[in-house]
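2 protein chains.
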Amino acid sequence: MPMSSKRPGRRPGASSTRDDILASARKLFAVNGIDKTSIRAIATEAGVDPALIHHYFGTKLDLFRAVVQLPVDPSVVLQPLREVPIDQLGVTIPRLIVTLWDSELGANVLAVFRAALTGADDGLVRAFFREVLVDIIAERVDNPVGSGVLRAEFVISQMSGILVTRYIMRIEPLASLTVDQITATVGPNIQRYLTGELTGLTQ
Amino acid sequence: MPMSSKRPGRRPGASSTRDDILASARKLFAVNGIDKTSIRAIATEAGVDPALIHHYFGTKLDLFRAVVQLPVDPSVVLQPLREVPIDQLGVTIPRLIVTLWDSELGANVLAVFRAALTGADDGLVRAFFREVLVDIIAERVDNPVGSGVLRAEFVISQMSGILVTRYIMRIEPLASLTVDQITATVGPNIQRYLTGELTGLTQ
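Protein chains in written order, with the working numbering: chain A, 1 to 203; chain B, 1 to 203.
Please note that the accuracy of each hint is not assured.
[What the hints assert, rightly or not] Some, not all, of what chain B presents toward chain A, calculated at C-beta under 7 Å: (1) G58; (2) K60; (3) L96; (4) L100; (5) L150; (6) E153; (7) L174; (8) T185; (9) L198.
The hints are simulated quantities; they were obtained by calculation from the structure and are not laboratory data.
Glycine included, every Cβ here is placed at the ideal spot set by N, Cα and C.
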């Protein structure tokens with residue numbers, strides 16, 4: 001797929017308004033998270049009509065995606081996480097995510113992640129992890145009740161570590177393993193975080 | 001322990017030479033790694049006598065520690081990793097490392113790690129992971145022969161992920177767990193990387 005600078009919904013002369021909206025959204029998402037930031041609040045911050053935000057960007061998650069320059073809709077990409085049997089989540093998560101990171105879209109994710117690690121956009125990436133990824137997974141594995149969020153966070157710790165070692169530090173031979181090899185190796189560990197008995201957390 | 005700016009071996013007027021040595025060491029460690037960088041090569045690069053480096057800094061690992069401003073000797077801190085039974089490594093690694101990161105020394109480690117993630121000092125941290133941490137662990141768990149390095153790298157992926165989620169992104173409640181809770185939760189997963197059958201890697 002060739003690179004393209006075309007943006008749907010963009011009109012000549014409208015770039016300043018778009019940029020104002022993006023700047024306001026970036027600020028509010030970072031401070032308050034996705035859930036607690038309304039389109040109305042962003043519109044007020046940017047000094048525009050809420051309808052204009054919907055016109056330019058679509059839904060709130062679409063706007064978030066634009067803010068972090070994510071070229072895919074996270075809720076679509078992550079849909080399998082809602083659908084596979086729970087005992088398959090352990091292998092589904094690394095297969096899905098490592099495939100995404102290995103793809104040409106991965107560079108954007110890496111850029112956002114790097115920015116978060118250096119302090120910039122810290123709130124944005126936390127918001128993404130907490131409200132997009134954690135929420136999808138946590139409610140599916142909340143057994144015993146109340147354990148779901150921590151289970152999901154340990155999964156994120158393992159996946160963040162793969163991101164750091166494979167894509168940022170590029171330590172070999174890990175960086176050259178196939179998606180299948182990564183999946184077979186980390187999958188059972190992720191499954192334990194999701195459905196294993198984590199005695200250390202309940203004591 | 002109170003903070004102190006005293007440095008053993010430092011003499012008035014010698015700071016420029018010290019800085020030259022540190023700059024040369026930093027450059028060569030980053031490019032060639034620790035093993036392949038000799039004190040002699042650093043001395044040549046800095047335009048000083050090798051004996052002066054030993055006088056100011058001690059051993060090559062002491063010099064590396066000074067370069068990354070690590071206030072502890074990694075080979076001393078990591079000594080338990082050489083001594084505990086192999087089936088105890090899984091819990092020993094997170095207990096040792098998370099305790100270190102939680103301590104007042106942890107801030108330095110975090111600073112070095114952050115620098116690595118942003119691109120600066122990338123080689124230095126990779127050198128540390130590969131030649132200090134991987135080498136200690138890999139040779140102990142090299143079963144079947146040749147699997148040790150990858151086993152160690154997956155351990156590093158999990159520990160890097162704890163560092164990112166607990167200390168950099170500070171996602172809660174994970175960031176507020178005790179060392180014991182982290183250890184009990186990630187320990188068995190790390191043990192699997194070290195001594196489990198990783199069929200994905202041998203196929």
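Structure-based check of all given hints:
1. Of the supplied interface hints, the one on B/G58 is violated, with its beta-carbon coming no nearer than about 28 Å to a beta-carbon of chain A, more than 7 Å.
2. Checking B/K60 against chain A by beta carbon gives a least distance of about 21 Å; that is not within 7 Å, so the hint is violated.
3. Hint status for B/L96: violated, given a least beta-carbon distance of 16 Å to chain A, over 7 Å.
4. Here the hint on B/L100 is broken, as its CB sits about 17 Å from the closest CB of chain A, past 7 Å.
5. Of the supplied interface hints, the one on B/L150 holds, with its beta-carbon coming within about 6 Å of a beta-carbon of chain A, less than 7 Å.
6. At its closest, the beta carbon of B/E153 sits 4 Å from a beta carbon of chain A; the interface hint therefore holds under the 7 Å criterion.
7. The closest approach between the C-beta of B/L174 and any C-beta of chain A is roughly 4 Å, which is under the 7 Å cut-off, so the hint is satisfied.
8. Taking 7 Å as the C-beta contact cut-off toward chain A, the hint placing B/T185 at the interface holds, the least distance being around 5 Å.
9. Against a cut-off of 7 Å between C-beta atoms, the interface hint on B/L198 holds, since the closest Cβ of chain A lies about 5 Å away.
In summary, the structure is inconsistent with hints 1, 2, 3, 4 from the numbered list given earlier, while agreeing with the others.
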